[in-house]
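Student: Make the full structure from the sequences, and use the hints.
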Amino acid sequence: MDGGKFFGAFRACSGIKDAVTLTHVPVGCNWGAAMFKSTSNQPDIRQACTVMHEREIVFGGEEALREALVRADTLYNTPLLAVVAGDAPAIIGDDVEAVIDSVALNKEVVWMDAAGFKGTMREGYEDALVHLARLMEERNVIKNSVNLIGFCPDDFKVDADIKEITRLLNHAGVKVNCVISNCSFDEFVNAPAAELNVVMGQGTELVEHMKKDFGVPYLEVGYPYGLEGTKEFTNTICEHLGIGYDAEQEFDLEHFKRIYLYLHELYGTPVSVIGDFHAEPMTGFLDSELGFDIEVLASLEDDYFIFQQNVRDSNTTILFGSSFERNITEELKIPLVRFIYPVFDHVCVYEDAPYAGFRGAVYLTETILNAVMGFETKEIK
Amino acid sequence: MKTDVEVDVKTEGYGEAKALEAPEIAGKDVLQNVFRDRVFNGIYQGTSWQFHRYGIDCKLSGSVYAVSEIDGAIPLIHGPNGCAFHQRLTPRKMYAPVYNLPCTELDENDVIYGGEEKLRKKIYAVYHRFHPSLIAVLPTCVSGLVGDDVQGVITEVEVPCDVLYIPSEGFAHRSRESLDLLMRDYAESWKDPTRSPAYDLRGCGHEEGMFSLVDQLMEEQDIVENLVNIESFGRFTYGFESELQEIKHIFGEMGVRVNLTLPTCTVAEIKRAPAAELNIVTRNIRWAERMKENFGNDYLRKWFFYFGFDGVEKFYLDVASKLGLDGEADAAVKKEKMQALGELERYQRMFARDDFAVSTQGFFFTPYLVNMYAQDLKLPIKYLCVDTQLLKGLNISDRTIEIMMRNMEEAFSNWDMGFEVVMNPTLDEMSEIAKNVDHVLSDRITPPLYEKGGGIGMVDISTTRYLLFRTGFSGIVEFSKYLANVLHRSQPKGNRKPIISRFDYDTTYYPLLAAPMCMASREMWSTMWGMKSERE
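Protein sequences, first through last, are from chains A and B. Here the first sequence is numbered in the numbering used here, starting from 8 and rising by one per residue. Here the second sequence is numbered in the numbering used here, starting from 1188 and rising by one per residue.
Because the hints were derived from the structure by calculation, they are not lab data. For glycine and all other residues, C-beta sits at the position ideal for the given N, C-alpha and C.
Between beta-carbon pairs, the in silico distance windows are:
#: 1; chain 1: A; residue 1: 48; chain 2: B; residue 2: 1579; range: 24 to 32 Å
#: 2; chain 1: B; residue 1: 1682; chain 2: A; residue 2: 266; range: 37 to 45 Å
#: 3; chain 1: B; residue 1: 1526; chain 2: A; residue 2: 354; range: 40 to 48 Å
#: 4; chain 1: B; residue 1: 1222; chain 2: A; residue 2: 271; range: 40 to 48 Å
#: 5; chain 1: A; residue 1: 104; chain 2: B; residue 2: 1428; range: 53 to 61 Å
#: 6; chain 1: A; residue 1: 267; chain 2: B; residue 2: 1236; range: 42 to 50 Å
#: 7; chain 1: B; residue 1: 1513; chain 2: A; residue 2: 48; range: 52 to 60 Å
#: 8; chain 1: A; residue 1: 295; chain 2: B; residue 2: 1347; range: 46 to 54 Å
#: 9; chain 1: A; residue 1: 112; chain 2: B; residue 2: 1604; range: 50 to 58 Å
#: 10; chain 1: B; residue 1: 1611; chain 2: A; residue 2: 376; range: 50 to 58 Å
#: 11; chain 1: A; residue 1: 70; chain 2: B; residue 2: 1236; range: 24 to 32 Å
#: 12; chain 1: B; residue 1: 1717; chain 2: A; residue 2: 319; range: 47 to 55 Å
Tutor: And the structure:
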């Protein structure tokens, strides 16, 4: 169940926190992207739409785009307008670039062709970041600094996870230069100052681009779930930067000890996981650290109906996924632990309750136990 | 300490010989359902409504919603996978996403060569996967632009279920002015329901869905006397089930039977819809007009003219009249009304002891709502505070607002209700008003605004007022019981400091925050959407 290229590009652009994303689309695409983004940050409405209507379909959407650019340039006090053009302008052949070039604007403008039918959400994200990269400027390298790449502003737990990951890296002597895409315009522009790009799951085209244009090397790592996942994440980065540090010294089992009997009872629990690049690292934690048995592991690009059938045919007792999996978990009367986009029926606003990192391992475990212990439908036939 | 359950209203001197039922027991299910709706559904619905200040959803989402109401139907999106991805979360039922939403997943190749073959294959695949009674094909912007002959494909395919299509291309959405025109139509015809014209069909998706059901699924039937269809707006709509039960009960007493609720029913039932003698329309009349053209079914529009005891009575008598039951049904309706009035009398006496101010929103139905407060509940209203700011926030034009206000003035003058009307009171004015009455009721969502700084404590009836809009007499009684209970136990709320009262809100676009980014995005949306309307 993939969101398509438009959603990926929108998510990448809206991660520049002081930018406005101008969607050149009919109303529905704009609405859908906004609804998934706004669950846990309701005043953060930084998007506008050219509102392509029948008239634009017949006569072209260039005039609507021109109007929107001029108005957005005046209305918003932001440094950047990111224009994300969707399916309709791609088919009718709007010359977006020519329109942008024809108007004098005070803001930086970056545009991208993000027609949904042209690729996956991941491809949209990659493509958008490469387009945005033209804003980056050569900078003196800051020693022991990294950019963290692969985030979206509407990822579940994104702010808490970034806070925890930053804490861990700072503790190891690593400075976080920029988090992409969850940063300010200035931070994004200054991203080439990092000594190392750390890419988690997505953003590989950007790091290739930055390596070529700015000479920033990169490292691909898994998302830091669990104690071992976090240790590996931190140690790999430190090793690459030449910092002698072993994150294992931060291991603290005290929280786990408090609930060790419950963990004993859950050892061997059959679970299934579906998700984007977060899914495999999550599976690693569930399998190798909580001792769960993984029944089904699926990616978003797999056939969703086959995934559902596989889960039905398995012994799955907890499912890890997004809000879209509520249906199958209700059908099977099992708990759902939400951890990937889109999550629209849970909020995450507290920045000290991550899923990533050492603290995240504790909070994630707590969440799993509560999902099981508070589960209302426990009847056994 | 007394609990709510222990409240003995009789001892307060409201009752006569017959003891007053404990309010929290009588109608408990109905009230609980109202609050459950508010909490479990409203948390999504109310929020998504506010996001309409920044944009509107796709026409496709309305179609998806309409199809999702039909038992045994599967909506099939003919477009790229991104459409199916986010349309699962249709704004009308965000608490219950449409999980089974297959899609033809059009890609670049299909944009060049057409997606008809993919659609044909997908219809077969959907049938084999879900075995539905109906597949509703929903074209999108992409398939619309490519020019796929959707109608041709569904005519050709041979699957053992019905297949129809609903025009759902997202670029043909409703205009910014449509709400204003709707409001104006109703405001101009507020005294006479027969004058209310049909408003613009295009754009919401639900309406297109209803049309498709009439044109492509319904079958000619022998019309059965005294059989009616009721248009629903979704099984999750506030109080849908309990209201339907009451309607069925009163209809039953009148000798009228309900054929189905449309489209909240099965595919087979929809096919038999033309057997009804009468359609009761709750939204736009155009689908009912089409049924009249195609199958000869008459219709009656149920709307705000039928609020209040007299309005509800009139509704049932109008139905009876349409069915040729004049006179025969009168006694049954009268009996229901008198029984409810008897129950209501106790609460009316209770309310009569105090003075009230009512804070309400200026809307086309406001006179009818106020009439219920004053005539049915017999609230001694000293001040009626009318807010028109929210109308501006909904892009309602000054002209339409003026018509609504004129209607209100005319109604209040004719009805001689004896209260003072205060338009758009300031916080200070509201504080003064509050000092001069025993209770301030608010049927809007604004009480938190007035509680800022430990200000005015209002009795919030914004949720329970939905009981007043039901097509039955019991809703008004249940509301009265609730209000009696709340007033009986209520304590002054002046010392509260709700967190949401600490924020700075924009007064015109409440509850949007007075934050530059929110306001800029709202204005941007309003302007761009408005420009499309001007050109039509």
